[in-house]
Structures are given as C-alpha cells and as structure tokens.
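Colleague: In case you want the letters, here they are:
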Amino acid sequence: MVEFLEFTLTGLSAGMIYAAIALSLVLIWRGTRVLNYSQGAMAMLTSFIALEVVYATGNYWLAFAIAMVSGLGLGAVVERIVVRQVTGRPPLNAVIVTIGLLIGIEGLAGLFFGGNNRSFPEPYSPNGLSIGKVALGITRNDIFIGVAVLAAAGLLAVVFQYTSIGLRLRATAFNSPVARLLGVRVGRMLTLGWALAGLLGALAGMLVSPSTLLSPNSMDAIFVLGFTAAVIGGLESPVGAVVGGLILGVVLSYAGGYLGSEVVNLFGLAALLLVLMLRPTGLFSSAPARRV
Amino acid sequence: MSNPASLEVREVSAGYGGAPVLRSVSITAPAGTITAVLGANGAGKTTLLRAIDGSIKPSGGQIRLDGTDLAGAPPENVSRAGIAHVPEGQGVITELTVAENLQLGLLLRRRADRAQALADLYQRFSVLADRRNMAAGTLSGGERQMLVIARALATDPRVLLLDEPSLGLAPKIVRDVLDLIKRLKDDTNLTIILVEQNARSALAIADTGIVLNLGAVVATAPAGQLAADEALRRHYLGF
Amino acid sequence: MATPSPTPRQAPPLSDQVEFGPGISVSPWLARSTLLRHAVFAIVGAVALGVISVSLGAYRDFQMATVAANVVAVAGLTVLIGLSGQISIGNGAFMAVGGYVAALLFIHLHWPLELIIVAATVAAALVGAVFGIAAARLRGPYLAGATLMLAVALPFFATRFSGVLGGDQGLGFFITVPGFLGVNFSLSRWQAWLSCGCGLIALLLLANLVRSRVGRSWRAVRDDEVAAALAGINVARMQILAFIVSAACAGLGGVLLAIVVGTVSPGLFTLSLSIQLLTAAVLGGLGSLAGAIWGGALLVLAPTYLQDVVVSHGFASQTTSSSIPIVAYGVVLIVVMLIFPRGIQGGLSRLVGPIIRRGDDAPAAPTPGDDPRAVLTRGDDPPRSPRERTSWRRRSPAADRKEKGRR
Numbered sequence: 312m313v314e315f316l317e318f319t320l321t322g323l324s325a326g327m328i329y330a331a332i333a334l335s336l337v338l339i340w341r342g343t344r345v346l347n348y349s350q351g352a353m354a355m356l357t358s359f360i361a362l363e364v365v366y367a368t369g370n371y372w373l374a375f376a377i378a379m380v381s382g383l384g385l386g387a388v389v390e391r392i393v394v395r396q397v398t399g400r401p402p403l404n405a406v407i408v409t410i411g412l413l414i415g416i417e418g419l420a421g422l423f424f425g426g427n428n429r430s431f432p433e434p435y436s437p438n439g440l441s442i443g444k445v446a447l448g449i450t451r452n453d454i455f456i457g458v459a460v461l462a463a464a465g466l467l468a469v470v471f472q473y474t475s476i477g478l479r480l481r482a483t484a485f486n487s488p489v490a491r492l493l494g495v496r497v498g499r500m501l502t503l504g505w506a507l508a509g510l511l512g513a514l515a516g517m518l519v520s521p522s523t524l525l526s527p528n529s530m531d532a533i534f535v536l537g538f539t540a541a542v543i544g545g546l547e548s549p550v551g552a553v554v555g556g557l558i559l560g561v562v563l564s565y566a567g568g569y570l571g572s573e574v575v576n577l578f579g580l581a582a583l584l585l586v587l588m589l590r591p592t593g594l595f596s597s598a599p600a601r602r603v
Numbered sequence: 007m008s009n010p011a012s013l014e015v016r017e018v019s020a021g022y023g024g025a026p027v028l029r030s031v032s033i034t035a036p037a038g039t040i041t042a043v044l045g046a047n048g049a050g051k052t053t054l055l056r057a058i059d060g061s062i063k064p065s066g067g068q069i070r071l072d073g074t075d076l077a078g079a080p081p082e083n084v085s086r087a088g089i090a091h092v093p094e095g096q097g098v099i100t101e102l103t104v105a106e107n108l109q110l111g112l113l114l115r116r117r118a119d120r121a122q123a124l125a126d127l128y129q130r131f132s133v134l135a136d137r138r139n140m141a142a143g144t145l146s147g148g149e150r151q152m153l154v155i156a157r158a159l160a161t162d163p164r165v166l167l168l169d170e171p172s173l174g175l176a177p178k179i180v181r182d183v184l185d186l187i188k189r190l191k192d193d194t195n196l197t198i199i200l201v202e203q204n205a206r207s208a209l210a211i212a213d214t215g216i217v218l219n220l221g222a223v224v225a226t227a228p229a230g231q232l233a234a235d236e237a238l239r240r241h242y243l244g245f
Numbered sequence: 002m003a004t005p006s007p008t009p010r011q012a013p014p015l016s017d018q019v020e021f022g023p024g025i026s027v028s029p030w031l032a033r034s035t036l037l038r039h040a041v042f043a044i045v046g047a048v049a050l051g052v053i054s055v056s057l058g059a060y061r062d063f064q065m066a067t068v069a070a071n072v073v074a075v076a077g078l079t080v081l082i083g084l085s086g087q088i089s090i091g092n093g094a095f096m097a098v099g100g101y102v103a104a105l106l107f108i109h110l111h112w113p114l115e116l117i118i119v120a121a122t123v124a125a126a127l128v129g130a131v132f133g134i135a136a137a138r139l140r141g142p143y144l145a146g147a148t149l150m151l152a153v154a155l156p157f158f159a160t161r162f163s164g165v166l167g168g169d170q171g172l173g174f175f176i177t178v179p180g181f182l183g184v185n186f187s188l189s190r191w192q193a194w195l196s197c198g199c200g201l202i203a204l205l206l207l208a209n210l211v212r213s214r215v216g217r218s219w220r221a222v223r224d225d226e227v228a229a230a231l232a233g234i235n236v237a238r239m240q241i242l243a244f245i246v247s248a249a250c251a252g253l254g255g256v257l258l259a260i261v262v263g264t265v266s267p268g269l270f271t272l273s274l275s276i277q278l279l280t281a282a283v284l285g286g287l288g289s290l291a292g293a294i295w296g297g298a299l300l301v302l303a304p305t306y307l308q309d310v311v312v313s314h315g316f317a318s319q320t321t322s323s324s325i326p327i328v329a330y331g332v333v334l335i336v337v338m339l340i341f342p343r344g345i346q347g348g349l350s351r352l353v354g355p356i357i358r359r360g361d362d363a364p365a366a367p368t369p370g371d372d373p374r375a376v377l378t379r380g381d382d383p384p385r386s387p388r389e390r391t392s393w394r395r396r397s398p399a400a401d402r403k404e405k406g407r408r
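Protein chains in written order, with this note's numbering: chain A, 312 to 603; chain B, 7 to 245; chain C, 2 to 408.
Looking at chain A on its own, in the form it has when it is part of the complex (with noise of 0.2 Å):
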C-alpha cells in the first residue's frame, strides 16, 4: 500500500513533467497548427544555459530565471525566423523543418556543451518526506514541480482568459483571418505563442534534468512522452494535457514501479499507439479527428 503511495506520487510528479511539454503542444498547435518537434531540444538548450550559469554564480534561482527568460527568446526566434516561412504551407514542410530545429539544436548543444551526461542541481533537498512515521517517497523537489507547473499553467490561464492580450491570443488562434481584420497584430501574437511554449518547455527541461542528468538527447524521450500526453488530452485541449500528463505519469509509474523500469519507456510507445489507434482526437476532445 505505501508502495502503491509512492508509485503514485512519484507518478503525478513525473506527470506534471509531461504535461508542461503537453502544454506548450497544446499552445503552439491551436495557434499555428504546427506541431512543435523541437519543444524536448529547446528545453534542453535552455536548460543547458542554466547550468552554466549555475557554474558560473553557484546561484539557482538567477539560473532558473535566466532559464524562463531563455525559454521566451528561443521561442520567439524560432517562430520568427523559421516557422513564420511555413505557416500557410502544406504540413509535411512544417513537420520537416521542426525536426531539422530539433536535430540541429541537439548538434548544437553537442558542440558547445559536450555529449557527456551532466548532473544537474535541484532547488530544495533530496530527502524523503514523510507524515509522522509513514515515508511519503517523493521529496521537497518533486512538490516543488507539481506547484511550478500548476501555477504556470493556471498563471496562463489567467492571462489567456482574462486579459486583452489573451483575447487577441485566443482570436488568433481561433480564427486568425478575422482577427486581421479587427487589428489584431496576428504575427505577433503567434510569436507571443510560441515563446510562453519555449517558457513552458523551459520549465519542465529545468524540472526533470536533475533526474535525468542533461545531456544533448536528454529530453527525447521525456518529450516522446510529453507528447503522448497531449495526444492524450486531445492536441486541442490545454486541460486535456494537464490531465493526460498526469494520468501518463501515474500510469507509467505503476508499470515501471511493478514491472521494471526499463519497460517504462516501451510502455510509453504502447500507450501512444494504443491511444493513436482507438482515439486518435484524445479522451476530451470533441472535435473529429483532424485530417491534417
């Protein structure tokens, strides 16, 4: 039973992870229909940035910012200068040209940070907590993590809902040619976009480094499985990848708890595919499938 505990916070810890990437899917796909395959490498950029920093002023939280700020720029520049030229072309050009993001921002990181495995430091400690005499296994840093990616995600909330700017966001992302005619700056609030993406990307490579030590291919599979939790939530559905991030976690925690860790990540292929074949628009979606 207290096993089972553990499994599951550990699991909605890793879940939050998921559903960070999820996120900022989610936020680039409503508002340019393109699907981000550089998210997991631009995290891990920034991510790389922070440690540096960390190196160089032994400071976590001046590196953590710098990080979030990172994450804001990358995506900016990105979608300015590249994606900007695909917007409007057929998918396969978008889908080629993220995956050239991704590959060349691995190499990269490559050649400027070296391909060894780095660890990487964590905020608060790593000890266990626990209630009275009953060892909870999750540590400060894993309730850390849950709180980082709830309040960014309900910070965007907000601003999505109930400012101007999030106004314009969303008829942007709606309905783009209307927006034109009504002033929206559409360019811009695609870049917007696609930096609070890079913003949340940030985030999550800052939050699970330390457990996966950070190397160029670091984030591959946690974004494989971030994106399995979009895919989850239905590509359309910011609540969908908050919610399919965690039921992912929980779920590859108990297979990887019970069975094995090593199965973790195949279980991950199995459940994508298994969600691809019989629901492909996700559990809260209630959009047909979309022909893209």
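Note that these hints are calculated values from the structure, not bench results.
If you're wondering where the values come from, they're calculated on a predicted model, not measured in any experiment.
For each residue, glycine too, the CB sits at the ideal point set by N, CA and C.
A couple of the hints might just be wrong.
[Unchecked claim] Quick list of simulated restraints, FRET-style, between CB atoms: (1) A/ARG451 / C/ALA228: 58 to 68 Å; (2) C/ASN209 / A/LEU589: 36 to 46 Å; (3) C/HIS314 / A/GLY426: 19 to 29 Å; (4) B/TYR22 / A/LEU589: 33 to 43 Å.
[What the hints assert, rightly or not] Partial pick of chain C residues on the chain A-facing surface, computed with a CB cut under 8 Å: (5) GLY141; (6) PHE157; (7) LEU334.
Chain A is already provided as a structure; the job is to place chains B and C on it using the hints.
Modeller: Positioned in the frame of chain A, the structure of chains B and C alone reads:
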C-alpha cells in the same frame, strides 16, 4: 464615432495567384453615404472588398481613405486606419462569447472609451445585450449578423464594408438588418459600402449604386436611377 | 517498335519519365519499356561501381558499401514520404530490426548469407507491417510523432533483453569472403560488391514499383485520399504497403550496414540515424530515386569531410566534432524545406531547366511545396514552382491524361 471619410478606389486590379479578378476598377464612396456594389456571382464584389481591407494585395491601383493610399497594407493596419470589414459568412468567432467578440473589436479604441462604447452598442443592439455571456456559436443567423456588425462598429471605424449581410437570412431578418444599416448611416454618418446580391433591397437603402460585371465597373449611378433602369436591372441584377 | 522520332526526347505515353538528371535523353524504344530501361541503368551502374571498386583502395570500398546501405534505406523512405505522403522519422528502427535479425540468424543459426539477407529484410517488412497497421489511420504530425516514438523507444529493447540482444555492446557479425572468389579477394571489396549489388537490385525493384499501378495508387492517395477512395483504391492497404516497402528497404540497409560495420548495437541505430535518412531523402527530393542516390551518397561522404574542415580550422575539438554533421543535418533540413521544397533534384532542374528544353515532362513527384490546396495567405504568395505552372500549358495531351490521374 469618428469623422466619416471618403473611400476612393482608383484603377485597382487584383486576383488570386495570377488569375485576375478585378480589372482596373475605380469606385468612389463619398463620406457619410451608403454605396451599394452589385452584380452577379463572380463579378468580383468580394474580391474588391478584400483588396480594400488588405487581405489581397492589389497588383495595381490605389485605395485612398481620405486621400491616404492604403493599397497593399496588411489587414491589421487597414483596420487600424479606420476601415472595418464585415466579411461574407459573418466571421463570428464561435468559441468566444458575444461580449468577448465585442471586446475584441473594442481593443482598437482607447482604453478610456471602451466601456462607454460597449454600453452604446448594447443599447443599439439589445438582442446582443441579452446574450452577452453566451458563446457566439449559439446565436442564430440574424443575431450573428448583428454581432459582427456591432463588432465592426466597436472598432470605431470611419468606413464600414459589408459583404452580403443578407446571405442565408430569412426575409424578415434581412429587412431588420438593412433597416439597421440605414439607421446607422442616418445616426452616425458612417461611410458604408454594401456588397449585396439582393440588389433590390440594397438599392432601397443606398445612395449610390455601382454594378460590377466580370471584374469591371459597368454602371455607376444614384441608387434611384439605377433601380429605375429596367434594362440594366434585368441584365445585370436579375430583377 | 515506335518509329524513330525527330526529337531526341519523347514522353512515353503512360509512365512518368525517369529523371536521372537534366538533359539526359533516352531513345524512344528504350523509353517504352520501363523494366528494360531500369535494367540497363542497373547493369551500367553495376559495371561502373565494379570498375571504381577495383581501381580504388579499401577505404573507398568501405565508403561505397556504407553509401549503398544508406541509399537503400533512403530510397525506401523517399518513396514512403514522396509517393505515399506518409512521414516517418523512425526508419532507423527498421534498420535496427534488419541488422539485429541478421546478426541473430548468423550467430545462432549459421544460415548462409544470402538467406540471412532475405530473412532480415522480410523481418523488417513484418515489423513495418505491424506498425503500418497500427498507424494506418494516422496522418501528418500524429504519424510523425508515432514514428518518433518508435525511434526513441527502440534502443530500450536492446537493454531490456540484453541477454539475447547483447545490450549496449551489441552483437558481432563477421562475414567472410566466399570461397569461389579466391583467397586474394579482399573483405572490404567483397563487402562493397555485396552492398552495391543488393542496393542495385533493391533500387531496380523500387523503380519498377514506383512506375507500376501501385506507385500510381500511392500518388493518388497522397494527392487526395477521398478522391482515391472513390476511385476504388483501398487507401489503408496502400498506406500499409508503403510502410512495408520502406521498412523492407530500411531492413535491407540495416543488414548491409551490419555487414560493413561488423557489429550491431543500439548506438548504431539512433534517432540521429533516422533523421539522417530523412535529411538525405529531403535533400535528394522527396519521391525521387535518383535523389536518394545523391542524397544518400552526400550524407555519408560529406560529414567526414565537414568534420575535418571544422577541426582543422579550430572551430571544434576532435571530441565534439561528431556533432557537426548533426548540426549540418538540421541546417540542411530547414534550409532545403524553406528554399528548395523539391530538394536537390528540384533545385537543380529549376536552375538548369530553363536552359535545357524540358518539354512536357512532369516533376517526378510533387513535393510538399506545390500542394495547390495550400492556403493563400494574402494572395501574394506565388505558387512555389512557377515553372511547373507554365509547363502545364506546353503539355501534350498524353501528359494531360496522366496529370488528370494525378490530381
């Protein structure tokens, strides 16, 4: 509302991907009037509006709003300059509420003016006031038409482009919509360009009529004169 | 036999022309028989490669063999993407299947080499079938994501079953030169001949498949699924078949690679490999077999050259220099898709085309860039390849008929 402005289209040619639709079209919409643009399907009426609002880049000619040439400017800039386009098929953003649709339009006004402008709109369009927090997708056809006109007005335009507002609406609703347009012109002195297939109703409220055929202007005249010209009516307008 | 025509180039009525570079003309009777034409090219190619192999040293043999292995895999991928319109960034996984099955058969069952090659290819084709069935309804980003998952998850099979699959070390796969070639025949040359031979055979089969009814069905599905279904094509079956073919090619490439390298290990079949295949396909022009040859060759030969240049100029150390090709792949993918949606073949023909009269030939396959259904944003986006548009008007009625079948 701001000062109305005249819109002058001078020898504009435009098309889609190399296929020309408009050939050197010139029209003038004097300030504070309703100009009806009529003609059969494919005559180029919608293309004309899209060239004016910036969705299409014309291959030649000028589009002057009170003297300033806007040809080729992107739609965002054109609407900020004061030209509001209500496109064919309405363009209600169905995922947003009625209020949010209106607020989107209001974003082009100064923050201080927005609340009053919204109140004015709710007063003029009482049906929208009743449904302000409902998703715009739940509105009926006539209500949606009201919404998009109100939304266009929210942007504080100097020129209003209306593309087939009567499309798909029941005859009584069509009358309501056209009455509204006429009242708008009377109350606010807005310059309105009205594209319509329903030529008879359009000419009833318009000051000037322009007939397009195959991308060229074939007639320009005061509305009453156009309505009275039987040969022209039958040939180009179908009644 | 057709009467000799005055012009050196005449489009055969019912099949696409083979685009083996600008301006290469074929006499009419050769143009009529697809199989004959392809066989002639294959034989010419075999002889040429044989000559090169004999005259150059062992290192060139090694390069030729590696190129051949890559080209086969790239050819399968370019057919999948360019002809059937499905994307895969997981074909490295199918290569792994081919390589590992071959190694296992070699080590445990000691089958003869020819049988191993066939069996491994079949095994990869089977895995491709399974995946193709599972993913039959997926399109675009969803399909890409699923194949990405395949590429990422596969190394974990090796660690999970490390007893059988050798874990990170992998399995050794050492072939020997067959007796009938004599004792002095070098191993590397044998590897090169084997790879190139298998590669040519595979390309021959692919080329015929592409020109056959199957190829036409693929193109029809790619261009408009609904129309193809209405025309009686079983869309799902075609899509799965495309996956099977591309997986088989990748599997064959994996076996050949294993033969050349001598081991199979997870490190040989990374995500990077899958993307490398994609890059080669894009570079050569999606759907173009000739482009697969260019692209595959370039992608094997250029990186070492690139690395040497960068290291010698001091831009990177020896250790990090392995990342340089990876950056290059990314840059190539992005740049080619932005500037040359049709890859080298398209870019080349666009540059050279107006000079050499191309008549009424159609592009070997339309690429993403000239989908007519692409949304017109402001009407100021010209069609990506204006040259193709104008060439329609110079089209012969026969090519018109073919064009109608395509759209």
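Colleague: Against this structure, judge whether each hint is valid.
Modeller: Here is what the structure says about each hint:
1. Distance hint check: the CB atoms of A/ARG451 and C/ALA228 are about 59 Å apart, consistent with the given range 58 to 68 Å.
2. A C-beta distance of roughly 37 Å is found between C/ASN209 and A/LEU589, which places it inside the suggested range of 36 to 46 Å.
3. Checking the proposed 19 to 29 Å range against C/HIS314 and A/GLY426 shows it holds: the Cβ atoms sit about 21 Å from each other.
4. Between B/TYR22 and A/LEU589, the C-beta spacing of about 41 Å keeps the proposed range 33 to 43 Å intact.
5. At its closest, the beta carbon of C/GLY141 sits 3 Å from a beta carbon of chain A; the interface hint therefore holds under the 8 Å criterion.
6. Nearest Cβ of chain A to the Cβ of C/PHE157: about 5 Å, under the 8 Å cut. The hint holds.
7. Look at C/LEU334: its Cβ gets to within about 3 Å of chain A, closer than 8 Å, so that hint holds up.
Hint compliance for this structure: no hint is broken.
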